[in-house]
Amino acid sequence: MMRGKIVKGIAGFYYVHVPEHGVFECKARGIFRKEALTPMIGDDVEIQVVDPARKKGNIEKILERRSELLRPSVANIDQALLVFALHQPEPNLQLLDRFLAMVENAGIDVVLCFNKADTEQGSEGEALEEMYRRVGYHVLVTSALEDRGLEPLKKVLHHKTTVFAGPSGVGKSSLLNLLQEAVSFETGSVSRKIGRGRHTTRHVELIALDKDSYLVDTPGFSSLQLDDFSSQDLKDQFIDFHPFLDACRFKGCMHLKEPVCGVKEAVRDGKIHPSRYENYKAIYEEMQELQKNQYPRKTDKNRR
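Letter 250 of the sequence shown, counting from 1, is numbered 1443 in this note's numbering, and no numbers are missing.
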């Protein structure tokens, strides 16, 4: 038996990276189907090699998962690196806060990376960095064009399995090209007409930087629905709200229309950034509407 990590899955075949031995093309045992267990990218597995020369084998065992993301479907993630551009395209902070809520709910550490620092003008970029550092996130600023900020980025990736996520056109593939010379990604360009990036990553794939450092590149997102948890739980994913919860009159305060709310007071006092609070309200309303459409209330006609 050899132990490795699934780095790619295509048409029923799983490609398992075994440190110091390379990548093996494997099939999963039928018992996994009986147990309703589907191998995921990032799974640590044990394989039986059936053809050493052609590097073919079978997955015999899926080891216990430390974590699991559904979108993208990846297991054993240590952290998420959320990449957004400072300009071209302009950062969509509501989308960024959606990503943060999703990752917080998954219990995965977060690093924020603001790329395209070469195009940043004035103090806008610095204000954005300071805003999310105050929230409590580790923030990096990079420029793939100028090779700026790459050493701090490499440092946070070492000995970790990291999922790269973010909208299209922010320079994720360019950053990955610089981090891993052995893998050449198709780098996209931002459409001048619509100001959005063309999708350049078409499937989820885990890339080995070294024997225990992996990157997961994901297709770009232009929108994101949070349906892994309810709107009632959204407030728990905004970590900058946590220090002010004891000042709320009601234990289940949603920080919306309730009187004596510590979170709303913190927003008024400048301790929580207004953008974060406004994004929270907008996302909450959208989630509420989605839940109403999924579970419509029974009318008198329905009862009969």
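Treat the hints as calculated values from the structure; they're not laboratory data.
Since the structure is predicted, the reported quantities are computational estimates derived from the model, not experimental observations.
Backbone N, C-alpha and C define an ideal beta-carbon position, used for all residues, glycine too.
It cannot be assumed that every hint is accurate.
Taking lysine-lysine and the DSS-like style, the derived pairs with C-alpha atoms no more than 27 Å apart in a straight line are [said to hold, decoys possible]:
(1) 1201 x 1348
(2) 1404 x 1348
(3) 1404 x 1249
(4) 1485 x 1464
(5) 1464 x 1428
(6) 1450 x 1404
(7) 1474 x 1457
(8) 1254 x 1404
(9) 1220 x 1248
(10) 1450 x 1485
(11) 1485 x 1444
(12) 1464 x 1450
(13) 1404 x 1428
(14) 1248 x 1404
(15) 1254 x 1220
(16) 1353 x 1404
(17) 1444 x 1464
(18) 1464 x 1474
(19) 1348 x 1428
(20) 1220 x 1404
(21) 1474 x 1485
(22) 1227 x 1249
(23) 1444 x 1201
(24) 1428 x 1457
(25) 1201 x 1347
(26) 1353 x 1254
(27) 1428 x 1347
(28) 1474 x 1428
Computed beta-carbon distance windows for the label pairs [unchecked claim]:
(29) 1257 x 1429: 23 to 29 Å
(30) 1206 x 1371: 28 to 34 Å
(31) 1196 x 1319: 44 to 50 Å
(32) 1225 x 1319: 47 to 53 Å
(33) 1320 x 1196: 43 to 49 Å
(34) 1482 x 1452: 22 to 28 Å
(35) 1478 x 1438: 18 to 24 Å
(36) 1256 x 1300: 15 to 21 Å
Between residue 1320 and residue 1196, does the C-beta distance stay in 43 to 49 Å?
-> holds (47 Å)
Given the proposed pairing of residue 1444 with residue 1464, does the C-alpha separation stay at or below 27 Å?
-> Answer holds: residue 1444 to residue 1464 is near 21 Å, not above 27 Å.
Does the Cβ pair residue 1257, residue 1429 satisfy 23 to 29 Å?
-> holds (26 Å)
Pairwise hint evaluation, residue 1404 against residue 1220, where the allowed Cα distance is 27 Å at most = Distance of about 22 Å is within 27 Å: holds.
Below or equal to 27 Å on CA atoms is what counts here, so check residue 1404 against residue 1348.
-> Holds: residue 1404 and residue 1348 sit about 15 Å apart, inside 27 Å.
Does the alpha-carbon distance linking residue 1450 and residue 1485 stay inside the 27 Å limit?
-> holds (20 Å)
Do the beta carbons of residue 1225 and residue 1319 sit within 47 to 53 Å of each other?
-> Once the Cβ atoms are compared, 50 Å apart, the range 47 to 53 Å for residue 1319 and residue 1225 holds.
Taken at face value, is the distance from the CA of residue 1201 to the CA of residue 1444 at most 27 Å?
-> Not OK: residue 1444 and residue 1201 at ~45 Å, beyond 27 Å, violated.
Is it true that the CA of residue 1485 sits at most 27 Å from the CA of residue 1444?
-> holds (24 Å)
Between residue 1464 and residue 1428, is the straight-line Cα distance small enough, at 27 Å or below?
-> It holds: about 16 Å lies between the C-alpha atoms, which stays within 27 Å.
Is 28 to 34 Å right for how far apart the beta carbons of residue 1206 and residue 1371 are?
-> Once the Cβ atoms are compared, 30 Å apart, the range 28 to 34 Å for residue 1371 and residue 1206 holds.
With respect to the beta-carbon atoms only, verify the hint that residue 1256 and residue 1300 lie 15 to 21 Å apart.
-> About 19 Å separates the Cβ atoms of residue 1256 and residue 1300, which means 15 to 21 Å holds.
Violated hints, listed in ascending order, are 4, 6, 13, 19, 23, 27; each of the other numbered hints is respected by the structure.
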